[in-house]
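Colleague: From the two separate chains plus the hints, produce the assembled complex.
Chains as they are written, first to last, in this note's numbering: chain L, 365 to 476; chain G, 630 to 743.
In case anyone wonders, no lab produced these hints; they're calculated from the structure.
When the alpha-carbon atoms are kept at most 30 Å apart in a straight line, the in silico DSSO-like pairs for lysine-lysine are as follows:
| id | chain 1 | residue 1 | chain 2 | residue 2 |
| --- | --- | --- | --- | --- |
| 1 | L | 468 | G | 640 |
| 2 | G | 686 | L | 468 |
| 3 | L | 369 | G | 686 |
| 4 | G | 700 | G | 640 |
| 5 | L | 420 | L | 468 |
| 6 | L | 435 | G | 686 |
| 7 | G | 643 | L | 468 |
| 8 | L | 418 | L | 432 |
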Amino acid sequence: DQQVKQNSPSLSVQEGRISILNCDYTNSMFDYFLWYKKYPAEGPTFLISISSIKDKNEDGRFTVFLNKSAKHLSLHIVPSQPGDSAVYFCAANNGGYSTLTFGKGTMLLVSP
Amino acid sequence: DTGVSQDPRHKITKRGQNVTFRCDPISEHNRLYWYRQTLGQGPEFLTYFQNEAQLEKSRLLSDRFSAERPKGSFSTLEIQRTEQGDSAMYLCASSLGHPEYGYTFGSGTRLTVV
Numbered sequence: 365d366q367q368v369k370q371n372s373p374s375l376s377v378q379e380g381r382i383s384i385l386n387c388d389y390t391n392s393m394f395d396y397f398l399w400y401k402k403y404p405a406e407g408p409t410f411l412i413s414i415s416s417i418k419d420k421n422e423d424g425r426f427t428v429f430l431n432k433s434a435k436h437l438s439l440h441i442v443p444s445q446p447g448d449s450a451v452y453f454c455a456a457n458n459g460g461y462s463t464l465t466f467g468k469g470t471m472l473l474v475s476p
Numbered sequence: 630d631t632g633v634s635q636d637p638r639h640k641i642t643k644r645g646q647n648v649t650f651r652c653d654p655i656s657e658h659n660r661l662y663w664y665r666q667t668l669g670q671g672p673e674f675l676t677y678f679q680n681e682a683q684l685e686k687s688r689l690l691s692d693r694f695s696a697e698r699p700k701g702s703f704s705t706l707e708i709q710r711t712e713q714g715d716s717a718m719y720l721c722a723s724s725l726g727h728p729e730y731g732y733t734f735g736s737g738t739r740l741t742v743v
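Next comes chain G alone, as it looks inside the complex (with noise of 0.2 Å):
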């Protein structure tokens, strides 16, 4: 078991252009979890996955925002026309779903947008 991992570490991307980030959790977790962590700030949840059905979005999550975990098994979040505002450390984790043992969290990818 190699954890939760993330790709792209590092995305730049000029704005207004789509950016597709990649999780691939724990084999045999079945709750998936996209965050969001801007600097000063701790994670903010943007959305969840249980085996391949998406079962809540945050309000973060504007239209420009979607996530995919096709399968059960991997996820991607999309992000289109870009913004500034953007900016940030996309954390990816996943966990067996008791809240007593938290979630395994990736090294997320930090997306610059310039």
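Next up, chain L with everything else stripped away, as it sits in the complex (with noise of 0.2 Å):
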């Protein structure tokens, strides 16, 4: 069962404007939700990161929402640019020190 959902597949959108990525997951248990983005041919790099017992984290141009009520949690990236292009996935960690469950990735397209 995926603990980790990212429904799109896909995202387009225009420089300057607001990219929204989103994640639903199923486990309550997760205390901290992790985005990563991926270019081709590397690893996945570690954006941000979300606690549980916050509803929102801000760094830069990323900001992270998280709705636990809703199971549903959100990365916003204002303004988009085109080096933006990649492969987004969002992550959970299952308590403490234990290892992270990915969703299979959306991918984001910027164009000038």
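Modeller: Structural data, given as structure tokens:
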């Protein structure tokens, strides 16, 4: 069963606009959520995380929002840049120092 | 610090052959993870080490797979009697453990079984 779901395989956005990437989860025991970015032929790169006790975390152009009641989180990128074009993975940590469970990813394409 | 290094970057092997991959983590990271990624999927957990101890193995890790981390430094992942279904990107990552900071991944080893 897929505990972390990214239901949009792809998203296209124009440069300068907002990109919103969504993620749903089923396991209420997850205590940290993370976003990774992956370019072709490279490993995933950590972007931003959020604790389950918070509802928002911001780092520069990247903001992650968490809605625990809906078991939903989203990554906002403002403003979007062509260099943001990549596959974005949502991941969740199942308490303490356990391992990460990843979603299938969303490919973001930012056009000039 | 040069990040997480994986070798080789690409490996093509015939079905039935054995292959071994190496991962050198960030030196101060005590945790090391192996993940596998296939086309259209996210990374799937295989196994992880804290120092030299292998603490968890996924059910994805069949008895043809074995991982080691001697002396708690580099790690190797061996696949015996490879099958076409083993074709994937094998990713290694390391961390200090706290989930807030995530893992640092290597660039992966692309395995193709023909």
